[in-house]
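S.K.: Quick mapping for you: the protein sequence lines, in order, are chains A and B. Read left to right, the first sequence gives residues 2 to 201 (our numbering). Read left to right, the second sequence gives residues 10 to 204 (our numbering).
Simulated from the structure, these hints should not be mistaken for laboratory data.
Under the rule of at most 30 Å between Cα atoms (straight-line distance), these lysine-lysine pairs were calculated in the DSS-like manner:
no.	chain 1	residue 1	chain 2	residue 2
1	B	Lys105	A	Lys66
2	A	Lys15	B	Lys176
3	A	Lys123	A	Lys15
4	A	Lys122	A	Lys15
5	A	Lys122	A	Lys66
6	A	Lys66	A	Lys123
Have a look at the derived ranges for each label pair, beta carbon to beta carbon:
no.	chain 1	residue 1	chain 2	residue 2	range
7	B	Leu171	A	Asp97	44 to 50 Å
8	B	Ala203	A	Pro71	38 to 44 Å
9	B	Ser179	A	Arg197	15 to 21 Å
10	A	Asp160	B	Tyr82	29 to 35 Å
11	A	Ala118	B	Met102	29 to 35 Å
12	A	Ala90	B	Ser179	45 to 51 Å
13	B	Glu199	A	Asn62	51 to 57 Å
Calculated from the model, a selection of chain A residues having no Cβ within reach of chain B, i.e. all distances over 12 Å:
no.	residue
14	Arg11
15	Arg61
16	Pro93
17	Lys123
18	Pro124
19	Leu129
20	Ile137
21	Val144
22	Leu158
23	Phe159
24	Asp160
25	Ile161
26	Phe168
27	Asp169
Quick caveat, the model's predicted, so the values are computed rather than measured. Using N, Cα and C, we set each Cβ at its ideal position, and we do this for glycine too.
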Amino acid sequence: MSVYLQDLGRGILKENPVFRLLLGMCPVLGVTGFAMNGLGMGVAATMVLICSNVVVSAFRNVIPKTIRIPIYIVIIASFVTLVDMLLAAFQPDLHDQLGIFVPLIVVNCMILGRAEAFAGKKPVSRSLVDGVGVGIGFTLALVLLASFREILGHGTLFDINITGAAFDPMGVMALPPGAFLALGILLYLVNLAFRRLGIE
Amino acid sequence: MGFETIMAIIFIYIFVENLVLNQFLGICPFLGVSRRMETAVGMSMAVLFVMTVAILVTWLLYNYILHPFDLLYLQIVTFILVIASLVQLVEIMMRKLSPALYQGLGIFLPLITTNCAIMGAAILAVTEEFTFLASLAFAIASAIGFALALILMAGIRERMELVDLPKGISGSVVTLITAGLLSLAFMGFEGVIAL
Numbered sequence: 002m003s004v005y006l007q008d009l010g011r012g013i014l015k016e017n018p019v020f021r022l023l024l025g026m027c028p029v030l031g032v033t034g035f036a037m038n039g040l041g042m043g044v045a046a047t048m049v050l051i052c053s054n055v056v057v058s059a060f061r062n063v064i065p066k067t068i069r070i071p072i073y074i075v076i077i078a079s080f081v082t083l084v085d086m087l088l089a090a091f092q093p094d095l096h097d098q099l100g101i102f103v104p105l106i107v108v109n110c111m112i113l114g115r116a117e118a119f120a121g122k123k124p125v126s127r128s129l130v131d132g133v134g135v136g137i138g139f140t141l142a143l144v145l146l147a148s149f150r151e152i153l154g155h156g157t158l159f160d161i162n163i164t165g166a167a168f169d170p171m172g173v174m175a176l177p178p179g180a181f182l183a184l185g186i187l188l189y190l191v192n193l194a195f196r197r198l199g200i201e
Numbered sequence: 010m011g012f013e014t015i016m017a018i019i020f021i022y023i024f025v026e027n028l029v030l031n032q033f034l035g036i037c038p039f040l041g042v043s044r045r046m047e048t049a050v051g052m053s054m055a056v057l058f059v060m061t062v063a064i065l066v067t068w069l070l071y072n073y074i075l076h077p078f079d080l081l082y083l084q085i086v087t088f089i090l091v092i093a094s095l096v097q098l099v100e101i102m103m104r105k106l107s108p109a110l111y112q113g114l115g116i117f118l119p120l121i122t123t124n125c126a127i128m129g130a131a132i133l134a135v136t137e138e139f140t141f142l143a144s145l146a147f148a149i150a151s152a153i154g155f156a157l158a159l160i161l162m163a164g165i166r167e168r169m170e171l172v173d174l175p176k177g178i179s180g181s182v183v184t185l186i187t188a189g190l191l192s193l194a195f196m197g198f199e200g201v202i203a204l
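Chain B on its own, in the form it takes in the complex (with noise of 0.2 Å):
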């Protein structure tokens, strides 16, 4: 695992194999809180952060626990087990230790719980096999490749509020083509690099 795989990594799952825009994983949010961009970054930092300490958190878990013990039926019911209560457990430390993000962040924590990136960021790292390195920056690459789609939608809904649209075509449906759209730049990328 050398330094070339990755920085490979991290490419890839920022523009390439994109956790929004190219395996729909964090629709909720994408749609739900891209309105603001104040929401938009806000909700990115939270995701950074869990995504991180969780999948590391479920990684260990899987590979010293559940795997060597046989114990891969649990493996669902564990890994949604572990993120809830890491979210609390992030709610908690960050209320103690630093006001100030808490107030930032906090009303984004008790969300990420149902968050299907954080879930399925979890699983793509023990199905894909990646070393305890690579899925730290897989983690990061990750979640900044959500930040990047959830910051542009929020700039581009930002600016669309002032369009005048047709009825009927406001609200979710021009937030999905829009979505399309930013999907389809994102392909550009396609076949770039491999691991």
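Looking at chain A on its own, in the form it has when it is part of the complex (with noise of 0.2 Å):
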């Protein structure tokens, strides 16, 4: 039991793709001008990994070592396709706020990573708790950035207002310069967190 709690917790904290291995930064910086995008790319590309992690675990002895690469690529990019019908038909509004983020998941090097480094070598059990421990922490490293840059560039979270007409949102925040600034402001502040917090 404690090797799958080790499996979750990596992905979420010690290994967390965004803020530790800065991996699969595009959709990081392009989508996260509203949390409710930061959301939904992080929930679209969890669905991809977990699915990827679990196919490529399953198929893992079968999957000639030589031509691995293009075979991960193709498993992911049948997932993506998927992920990107679903979202255009429940979610069309989500789906056109995203664009072009949603295929560009095929390409995002935390998941073929994460097939390489993890899922090609392990049990499926251990890969489908790997994928949705790294999703996880995807997930709420997207949200955390998206709050961020929403609050400061509209003074709204999820949409509702919540700073009051008081406050002068700072326009700059939700432009792509602001996305640059506000990640590398929370990077600053993560690595703080964790070395207080004693986890290098």
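Put the two chains together into one complex, using the hints given.
M.R.: As structure tokens, then:
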């Protein structure tokens, strides 16, 4: 049991894909103007990650070592197509907001990285837990960054005004430069918190 | 599709809609290989080469196979496979035809497969419904825009290594803040020109 807890916790804290490994940064910067978009992107990427981890792990003894990367890419691309269609059918507004970043989940190095480093070697159950953990870590990071940007840039959180009329939103946080600045600031704060808590 | 439209596309995708600083595509190499000027130039050249070929091939596939035969649901799978195999092909051809160039760009080529700038630009070229000539201009301009951002960043980072930064700020934090300021500077081009 403890091994599963370790697999789950590692992706959320110690090896958080965004704050610790800086993997899959394009959607992190691209869709975090609003907390809702960040959450949607996180859930979409998590779904792809869990499915690809399970399938890669289930077929790990059949996939020839020399051509494993193209096979992983095809598996990931199939699940991305699936998620793309599901989003377009059930959440068309969110699908429009995320735009090009939905098909780009296929080139997210976080997902290929987990397939190569973990799922290709470990049993299905552990790969599933690993996918859930890394997915939660990614989603948490996206929602945190998106909330930070939405509060500063629009004065709202999940489209609910929380700062009142007296607050003058910092427009730059909603624009492209704000994504880089906000992530830089958050990364610093997270590093600081991790050092205080003794997690290295 | 006149000469003016082509020039407008080139200007827009180098400066206004810069791939890295405005559209957040290709952030991984932008943060990863911008430490040294040499590697930044090498990566830029490799991207210019692969981006141009990849966009032309995916454009032809999309407009002459996927679209007429109603196979759009295969777009993501086709595009990533085309890009991955093109990178392999380019690598093999380069090793045979120009060993000197291969020495220079070799290590960057495999990295390009998971470079979302290529895939993103390929998707953009078909969703924007560019003509063949316009997508050629778009490909070259996007790659130059990527190169511009990467080389600017490498120049800044080389100088920043000599600066005494507070503990905790050095590394990726200061790189992201610098990228933010660069992006802010590029926002000055906003609205200069429209298609």
